[in-house]
Amino acid sequence: MDRTTLLGIVIGVTSLVLGFVLEGGHIGALFQLTAALIVFGGTLGAVTISFPWSQLKKIPRMLKEAFTEPKRDPHKLIEELVELATVARREGLLALESRAMEHPHPFLREGLMMAVDGVDPQALKQILELTIDTREEEKLRAIRIFEAAGGFAPTMGIIGTVMGLVHVLSNINDPSNLGPAIAVAFIATLYGVASANLLYLPLANKLKARLQEERLELEMMLEGILSLQAGEHPQLIQTKLAAFVQGRVPAKAEREETAYAQAQSSRSA
Amino acid sequence: MDRTTLLGIVIGVTSLVLGFVLEGGHIGALFQLTAALIVFGGTLGAVTISFPWSQLKKIPRMLKEAFTEPKRDPHKLIEELVELATVARREGLLALESRAMEHPHPFLREGLMMAVDGVDPQALKQILELTIDTREEEKLRAIRIFEAAGGFAPTMGIIGTVMGLVHVLSNINDPSNLGPAIAVAFIATLYGVASANLLYLPLANKLKARLQEERLELEMMLEGILSLQAGEHPQLIQTKLAAFVQGRVPAKAEREETAYAQAQSSRSA
Amino acid sequence: MDRTTLLGIVIGVTSLVLGFVLEGGHIGALFQLTAALIVFGGTLGAVTISFPWSQLKKIPRMLKEAFTEPKRDPHKLIEELVELATVARREGLLALESRAMEHPHPFLREGLMMAVDGVDPQALKQILELTIDTREEEKLRAIRIFEAAGGFAPTMGIIGTVMGLVHVLSNINDPSNLGPAIAVAFIATLYGVASANLLYLPLANKLKARLQEERLELEMMLEGILSLQAGEHPQLIQTKLAAFVQGRVPAKAEREETAYAQAQSSRSA
Amino acid sequence: MDRTTLLGIVIGVTSLVLGFVLEGGHIGALFQLTAALIVFGGTLGAVTISFPWSQLKKIPRMLKEAFTEPKRDPHKLIEELVELATVARREGLLALESRAMEHPHPFLREGLMMAVDGVDPQALKQILELTIDTREEEKLRAIRIFEAAGGFAPTMGIIGTVMGLVHVLSNINDPSNLGPAIAVAFIATLYGVASANLLYLPLANKLKARLQEERLELEMMLEGILSLQAGEHPQLIQTKLAAFVQGRVPAKAEREETAYAQAQSSRSA
Amino acid sequence: MDRTTLLGIVIGVTSLVLGFVLEGGHIGALFQLTAALIVFGGTLGAVTISFPWSQLKKIPRMLKEAFTEPKRDPHKLIEELVELATVARREGLLALESRAMEHPHPFLREGLMMAVDGVDPQALKQILELTIDTREEEKLRAIRIFEAAGGFAPTMGIIGTVMGLVHVLSNINDPSNLGPAIAVAFIATLYGVASANLLYLPLANKLKARLQEERLELEMMLEGILSLQAGEHPQLIQTKLAAFVQGRVPAKAEREETAYAQAQSSRSA
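Protein chains in written order, with our numbering: chain A, 39 to 307; chain B, 39 to 307; chain C, 39 to 307; chain D, 39 to 307; chain E, 39 to 307.
One or more of the hints may lead you astray.
[Claimed, not checked] Straight-line C-alpha distance at most 20 angstroms; calculated SDA-like pairs for lysine to any residue:
| id | chain 1 | residue 1 | chain 2 | residue 2 |
| --- | --- | --- | --- | --- |
| 1 | B | LYS96 | C | ARG110 |
| 2 | A | LYS95 | A | MET151 |
| 3 | C | LYS163 | E | GLU107 |
| 4 | A | LYS96 | A | GLN273 |
| 5 | D | LYS95 | D | LEU237 |
| 6 | A | LYS114 | D | GLU270 |
| 7 | C | LYS95 | E | GLU261 |
[Unchecked claim] Simulated restraints on C-beta separations:
| id | chain 1 | residue 1 | chain 2 | residue 2 | range |
| --- | --- | --- | --- | --- | --- |
| 8 | E | ASN211 | A | GLU251 | 55 to 61 angstroms |
| 9 | A | LEU56 | D | LEU45 | 22 to 28 angstroms |
| 10 | D | LEU71 | E | PRO98 | 51 to 57 angstroms |
| 11 | A | LYS163 | D | LEU132 | 30 to 36 angstroms |
| 12 | D | LEU45 | E | VAL48 | 17 to 23 angstroms |
| 13 | C | LEU94 | A | ILE65 | 56 to 62 angstroms |
| 14 | A | LYS163 | D | LEU101 | 27 to 33 angstroms |
| 15 | B | GLN250 | A | HIS113 | 34 to 40 angstroms |
| 16 | A | ARG99 | B | SER214 | 33 to 39 angstroms |
| 17 | A | LYS95 | E | LYS163 | 19 to 25 angstroms |
| 18 | D | LEU101 | B | VAL48 | 33 to 39 angstroms |
[Said to hold, decoys possible] Here are some, though not all, of the chain A residues that point toward chain D, as calculated from beta-carbon distances under 10 angstroms:
| id | residue |
| --- | --- |
| 19 | THR43 |
| 20 | THR52 |
| 21 | PHE78 |
| 22 | ILE116 |
| 23 | GLU118 |
| 24 | GLU175 |
| 25 | SER214 |
| 26 | PRO218 |
| 27 | THR227 |
| 28 | LEU260 |
| 29 | LEU274 |
| 30 | THR277 |
| 31 | ALA280 |
| 32 | PHE282 |
Hints were generated in silico from the structure; no laboratory data involved. This structure is a prediction, so every number in the text was calculated from the model and none was measured. Backbone N, C-alpha and C fix where the C-beta goes; we use that ideal spot for every residue, glycine too.
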């Protein structure tokens, strides 16, 4: 369960609705079926035209992914890869066969199996990199659906409001009703801008952040597999893999750098 | 027949029109000839200036492409390429001559013919990559016509509305008529924004998604041709080609990865 | 004469003006000197600040280029290059000297002359690529003037309209005159948006499309010169050069691919 | 303490508030709780959905970084690196061990330690470059939170204003109150645009400028470590490192270039 | 003196003011202190937060650069470099020492000195390229200040106008005063949009155009230094350097190409 996704939606929607109610607004005034039809139907239409079915059918899976939090632990992964490298170095690559075959992670499993099977390092690297790239590209294409929805929704809101104004202004006999009618027309803009900025675009952002972490994990696996295939020293492999997560825990490092800079500047004063 | 293209247009247009009618609007109020002339004529003009005739004449073909769905089956393609590689390895490249000559796909046919004819691998790679790139570039240029139309249409809508307001405000003698006249002026904005967001831009998106799949297919063919020319083992070729579609069927792989992450995190708990 | 440039302007302007007149507007209402002064003068000023004189003075030449259509024939060019390669292979590079010296195209002439003069292939490649790049960059810089004008014009239109409104609202004594005065203020927006979207931006697009074709032609010449200098077989040179235009005539190829896809999908059904 | 960050906020906020007050506005009119709730709550919600917790928790550290100014002195750093290189060249890499271990800067310390430990130059380069890249990427991801807030805030302002207008227009019984009510609705737009343009976006800019300087420092260290490991002459190392800061003190160089250009042009006159 | 910068500002400002006056506007209505405070103070604040002091202090120098025109003459530069190469080839690199030391251009001087000092070609290339890149990056960072101001100014204008409207609408007792008060509020928008589009953005454009020419000059010097160090034939160096400016004088070349295209098309007719 990724708490920030749900929490963010709750914070956002609550702030908007509460703000409206505290101003004295009637909560019922925010619900309007025709505006919803225009904005959500229009966005759905534009998205459906934009993407092939093979992409569209991934929406539920991507949604689920945005709300669940994978528990990646790169440090555990480094440990595991170093251990595998130690075995490979001591007992040969073949000694990894049973562990590779049973490994729960499909990328690591297939990569290790190919290394065990003696696939040429050059070819192995090419295959694993291509796998990472196509996987990322596939996910990016699904994420672009949310970005497209975030682009279309506000324009559908504008269309809904303009249509409302066209309707209102064409039948302007009763000026006393003008205000409420325009208010209704504005609801479409509200739906369009709010759905884009509280749903589609933030979800796309979250999914992209997730994808980046996933890619990092796969790249660490790739580096680990190639290094153990090359028979590199486990210590060196550890150092290499640690560089991938160097940026992750810079709190202490940063304090030291700040201290360094301060010391330097006091010396120069 | 690409059902999503047509379906999306139906969903989008129906949502907009239905929303307008349910609000009590007169469907006739949405049709206005002068607005259509300004928006569609203006967009056509801007697009015609923007592109040379050699590109403009591709519009009908691109439109047709957006509404038809090619039945690409990358797994079948892999099978075929592996089979060709098996023949080439067993009986030599010349054994492929008749199959190459008769192959229905022009890129594969010409690529195989060149391999059979003994074109130098380096040159073959250069030629096939250049072919893929120029084909993609050519299609992208045609797709940019739709993107350009999607950029010009809303501005033409604004021009139409401003011209309408100029007309209305210059002849403001009869204030009772002001509302309906402004309503009419807004129709141009409606046409501009709706045509861009329900036609031009989504169609450009669809065509780009299509192009990406096409490119993937050609790249698989390229990899297959070069690999069989190099006499690589069919098993390796299969593995290489499978990496292209790894990202395509990740449902099972993803479940495994999730299970892996969960297991890892429970272990760490 | 590039008919699409002129035709597009005619279509665009006619659509706008006709739409306005059909709505009952007075054509004279669209002409207003002060709005023109603000929008076109302001755009001219912003563009003049933006670019050095060495770029600005290219505007007339670029305009002329947008309205004339070069008759490039890549197939003829291939023929010519292959013929030159045949001569070079049979009789040696020196046999090209007189043809090179008299060649009407300066890039081809100078490139051939250098090849004949025995310039080192590496250096020749570097020089010709640099020539292509700097030529493209120079043209792009001039095209960016039109793009900049297309960016500045609508903002100048907004400035004109806001200034008009400032003037109108400061002297609001006569409310009966308010409508026509606001109408006049809107003309500036009209000029700004229309000039950007019917002139500056489409012309920049056309010039970029032209530039792309020009680059392709120069790259074909580069490839041809280097290949004939290397003494490659004319047949191979022809195949290589054909890859540049493969994307150009894909009508037949595409029909075949569609047929291939259909056949494949029926087999899989 | 980075004075420009605080100073800029003071200048910006003072200018806005003072301008409002000088126009005769009541300062109290700028404070409105419901608008603040909608804009800041909505932005917080959108940002919370957009980023995983591992990024969000970096906000306080990034904020602190935006307000403090590191005293980097690239010239001191060059001095130090050249001195280290001199020692390494004279007494061997091992002579650096104690200095490396005690070095306050973590990147330099670890890089030097690896050089002393005899890590292969190729591997050392790969590890240090990866460290720089992942650190930069990690910081960029945190900076993108501010950029996202700067993108969401104005749209939340629009949402707040539209909701205010919906409320106002639905209860239009008392037209005398219409003005002040609309004024209140506009406060949300004010909050959204001002928070984005006086806080989120400028802070993101500052953090990116800071990041660029940090990267430069790390790249100088990388170059220094690799050069001293390769046993290059300290003089050459100094020249190389000086090139990193060449662009930093161009005042004198520029004057000379100007003089050169002037001289050249007078000669050509 | 770069005449186009000043001329452009004069053209732009005159057009706007003259247009306003010709429409019957009072020139005094365009001056308003509070709007200026909000727009220019707000922009200054946002820019001050955005950039470190080390960048901000370059503003005056960049401004001066935008208004002065360097008299670069690439053809003279080629002449000079070819002459230096001739000397180096005939009498050896050392013969350049005195000329190098006295050369007024710092980049050329230091580059030649290093070549004379026998710096390894690989290292020399790396150092000179790094110098060019860091110089360009440093200048770009300063130019981005103007671009940032051009982005912030219009939003500050919107803030000023919204604040003005808030003030006006809160005190709507005197409707007769409504028009002039709104007019005053619009002045802020005017300042924001006009300062961005007649100052900040065009100046950034000009500075970037200038930077591009500067880079070209430095790259020619780099090429020249490396070539003369390698002892290449002056004739070849001349041809190489000429390729940098090939794009600069294409008038004749283009006429020839047009003639070529015409001839070709008439032959094909």
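Status of each hint after checking the structure:
For the given pair, B:LYS96 sits about 18 angstroms from C:ARG110 by alpha-carbon distance, which is consistent with the 20 angstroms threshold. With a C-alpha separation of about 32 angstroms, the suggested pairing of A:LYS95 with A:MET151 is violated against the 20 angstroms cut-off. About 34 angstroms separates the Cα atoms of C:LYS163 and E:GLU107, which puts this hinted pair outside 20 angstroms; it is violated. For the hint linking A:LYS96 to A:GLN273, the alpha-carbon distance of about 41 angstroms lies beyond 20 angstroms, and the restraint is violated.
Under the criterion of a C-alpha separation no larger than 20 angstroms, the hint pairing D:LYS95 with D:LEU237 is consistent with the structure, at around 19 angstroms. Simply put, A:LYS114 and D:GLU270 have alpha-carbon atoms about 39 angstroms apart, too far for the 20 angstroms limit, and the pair is violated. Of the supplied pair hints, the one linking C:LYS95 and E:GLU261 is violated, its CA atoms being roughly 29 angstroms apart against a limit of 20 angstroms. Checked against the hint of 55 to 61 angstroms, the C-beta distance between E:ASN211 and A:GLU251 comes to roughly 59 angstroms, which is consistent with it.
Judged by the Cβ atoms, the range 22 to 28 angstroms given for A:LEU56 and D:LEU45 is violated: they are separated by roughly 36 angstroms. Take D:LEU71 and E:PRO98: their Cβ atoms lie about 44 angstroms apart, and the range 51 to 57 angstroms is violated. A hinted range of 30 to 36 angstroms for the beta carbons of A:LYS163 and D:LEU132 is consistent with their spacing of about 35 angstroms. Between D:LEU45 and E:VAL48 the beta carbon distance is about 33 angstroms. The supplied range of 17 to 23 angstroms is therefore violated.
About 59 angstroms separates the C-beta atoms of C:LEU94 and A:ILE65, a value consistent with the hinted range of 56 to 62 angstroms. With their beta carbons about 42 angstroms apart, A:LYS163 and D:LEU101 fall outside the hinted range of 27 to 33 angstroms. Our hint of 34 to 40 angstroms for B:GLN250 and A:HIS113 holds, since their Cβ atoms are close to 36 angstroms apart. Checked against the hint of 33 to 39 angstroms, the C-beta distance between A:ARG99 and B:SER214 comes to roughly 57 angstroms, which is inconsistent with it.
Separated by about 53 angstroms at the C-beta atoms, A:LYS95 and E:LYS163 break the suggested range of 19 to 25 angstroms. Checking the proposed 33 to 39 angstroms range against D:LEU101 and B:VAL48 shows it is violated: the Cβ atoms sit about 50 angstroms from each other. Interface hint status for A:THR43: upheld, as the beta-carbon distance to the closest one in chain D is roughly 5 angstroms, under 10 angstroms. This hint holds: A:THR52 has a C-beta 7 angstroms from the nearest C-beta of chain D, less than the 10 angstroms allowed.
Taking 10 angstroms as the C-beta cut-off, the interface hint given for A:PHE78 is violated, the closest approach to chain D being about 17 angstroms. Because the beta carbon of A:ILE116 sits about 13 angstroms from the nearest beta carbon in chain D, more than 10 angstroms, this interface hint is broken. Using the Cβ-Cβ criterion of 10 angstroms, the hint placing A:GLU118 at the interface with chain D is not satisfied: the shortest such distance is roughly 19 angstroms. Given hint, A:GLU175 at the interface with chain D, is violated; its Cβ is 19 angstroms from that chain's nearest Cβ, farther than 10 angstroms.
Given the 10 angstroms rule on beta carbons, the hint for A:SER214 holds: about 8 angstroms separates it from the nearest Cβ of chain D. Hint on A:PRO218 holds. Least Cβ distance to chain D is approximately 5 angstroms, under the 10 angstroms limit. Against a cut-off of 10 angstroms between C-beta atoms, the interface hint on A:THR227 holds, since the closest Cβ of chain D lies about 5 angstroms away. Contact between A:LEU260 and chain D, as hinted, is not supported at the beta carbon level, the nearest pair being about 13 angstroms apart and thus beyond 10 angstroms.
Restraint check, A:LEU274 versus chain D: the minimum CB separation of about 6 angstroms is within 10 angstroms; hint holds. Here the hint on A:THR277 is kept, as its CB sits about 6 angstroms from the closest CB of chain D, short of 10 angstroms. Hint status for A:ALA280: holds, given a least beta-carbon distance of 8 angstroms to chain D, under 10 angstroms. Of the supplied interface hints, the one on A:PHE282 holds, with its beta-carbon coming within about 6 angstroms of a beta-carbon of chain D, less than 10 angstroms.
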